[in-house]
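Residue numbers (the working numbering), protein chains in the order written: chain P, 3 to 407; chain Z, 3 to 407.
For the record, the hints were derived by calculation from the structure and aren't laboratory data.
Selected chain P positions facing chain Z (in silico; Cβ < 7 Å):
1. Gly95
2. Gly97
3. Ile130
4. His320
5. Gln335
6. Trp337
All residues carry an ideal CB built from backbone N, CA and C; glycine is no exception.
One letter stands for each residue in the lines below.
There are 2 protein chains.
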Amino acid sequence: MTFFASRWVEAPKHVRELDSHLLPAGFRAAGVAAGIKPEGLDVGVLVSDQPETVSAARFTTNARVGAPVILSRDAPLDGFRAVAANSGCSNVGDGQRGLETAVAMQAAAAGELGLEPEQVAVASTGLIGVELPREKVVSGVRAACAGLSADADAFSRAILSSDAAPKRACLELELPAGRVRLGAQAKGAGMISPRHATMFCFVQTDAELDAETLDLLTGVCVQRSFDRISVDGQLSTSDTVVALANGASGVRVESESADELALGEALDALLRQLALEIVHDGEGTKRVGRIVVTGRPDAVEPVARSIANSPLVKTALHGADPNFGRILQAAGQVWPPGEPFLVDLEIEGHQVLSAGEVVEPAPAALVSGGEIEYLLTMPGEGGETEVFFSDLSPEYVRFNAEYTS
Amino acid sequence: MTFFASRWVEAPKHVRELDSHLLPAGFRAAGVAAGIKPEGLDVGVLVSDQPETVSAARFTTNARVGAPVILSRDAPLDGFRAVAANSGCSNVGDGQRGLETAVAMQAAAAGELGLEPEQVAVASTGLIGVELPREKVVSGVRAACAGLSADADAFSRAILSSDAAPKRACLELELPAGRVRLGAQAKGAGMISPRHATMFCFVQTDAELDAETLDLLTGVCVQRSFDRISVDGQLSTSDTVVALANGASGVRVESESADELALGEALDALLRQLALEIVHDGEGTKRVGRIVVTGRPDAVEPVARSIANSPLVKTALHGADPNFGRILQAAGQVWPPGEPFLVDLEIEGHQVLSAGEVVEPAPAALVSGGEIEYLLTMPGEGGETEVFFSDLSPEYVRFNAEYTS
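Isolated chain P (complex conformation) (with noise of 0.2 Å):
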């Protein structure tokens, strides 16, 4: 296994791994240049090539979305059946243009593949508050629908902005029913705190299920993925995943089944690593923390979130420094008024804090690695929750002074 990289992911033992560039039966996927980056593969069309295909979608919750979300997120989220997107531009923040701009988009692909325009979901990702340009965006989306093939490997890679690599893998399940593949591609390095979805990730089965299972799975793993990490706290405009599932395999996963059980454990693995990959490639990233709090089931949240964006508990864990005392500040910064917190807190496993006093401060030794764990206990029953949160280098900074708009 190569994908399931980090120490916080566990490769179930039903899950093969196959080939990254490879797709799910009955899919296709094509990535071609149309000018919209200097250089490069932008636009990337999925599509599945079965009638009975299913889906399920997660879009962000900013207040201000591109115009492929507002598109996309109004079509019947069961009923995609293909994928049109770009990277380069995000079509946010142009108005009725951008808008007429994504619908182009979405009518090409439909036209090309001989679907309704509401089974193409669209979305665009890079530059905000710039022009999309219609003709360059249109001409890709057609001539992707011209060379799709059974590889994914230029899809992958058409998604990307600022990712160091393409995010992708192709797994075979050993369901109780059968063999089926699970596929995914994602983008993401900048701009990602995702509350219902990452910056892109597109999932493929070949398994069969009904749509109310699929949007389920997804939620649910979803919430467990690609809303538990932070790079930046910063909740982008495009954030999209979309779940494609087509019963190409002939194996069918029934709701409440051990075949379910097992698709979820995987996809839920899939995910999750997925989403750790975008941390890792946060732009500048040297290390990876993960934060686990528990304690009042109000607060575990909240803390979480301050502790996983704090620019000095990012720049601590850039320089390699288990200094517990801004991770203190910066829960006790939302820490509900009036309640003691005395805290238990362990760094890699090593106990620096016990109800609030120093037992002993950790070792530097221990948190030089890629992936640093801290344990915050504090006071109150029931609550858990965890972020996965990348640190803050001087090269965030000046990629992100220089990235202009």
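Given chain P's structure and the hints, the job is docking chain Z onto it.
Chain Z alone, transformed into the frame defined by chain P:
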């Protein structure tokens, strides 16, 4: 006038600037090198010689506070006559030992000055989670008490941590009732997002005020100054504001009088300028932004904070990039779900968006100065707020990755 350097602060007409290291009548101060820092002044004492002195104070609202805050906020807040402060170590997270050291600092100052311990506010700033050496700080307090004078220079330097220079002023005010002085010494550069106070600001006046009047003025002016700034969105464990009024001028400022109004105007301008100095002195800061948000009353504060604390907005400010997309993204991230989000945006008076549609992008030259103003007009009526914020620079990251525990 050299102190009121920001375009966002107007010096009241009845205010004259004195040498910044001076103090109002009846106040003395000192600063010494006690060896808490590797070099330089690190312990300061300030005292009012007038028995009838009244005070007001504000402290951080972080649930995790340092021993000096625990001790100081338990005392009668209208009864302080002196401040004992140190830099180099914040005395946070050191449990019972830290509390005993704060008590020792307070007792040493009280003993030397002939005061009760609860008449001495204590304040410490610097590293979190390490021991404040008790003998050094107590010796320093005693040495400072032995060297008190009418000059605030050494005191204003002894309270600094990562500040580039002292932040201080001494003003002469022509009130209707007569001439008084108003002075202040502040510090702060990182971990700045005060909700009730800044890192430190010590204010003195030789006007005679009731404690209630001083408390009211202090509260209102802190809300309009230190509560409206953010370097990095991080609420400190040690923020402390102490205001002392000793009546040594013989000029009485009655509640709800023209004198109170004139004193309040001067205090407001003084604290706003000091707050802006803290933002300008944000670790590595090149530019300061002011975001003014109007609209739905419950949304203006979270939207303004989300913009001011967005690393993407802050890096754009650093790069002199008039990137309105990142402003919209940060605002939309916290806008209430379900409400339409169509906004007007002006950058430096240049209308960029009208009802959510691009009018014209701002030219980069507009945002290349030292202070940049953004005006966001959102749906809804009656809410308005502002936040002053620093940019985010590679220097901030380097400094905080290396400033180790």
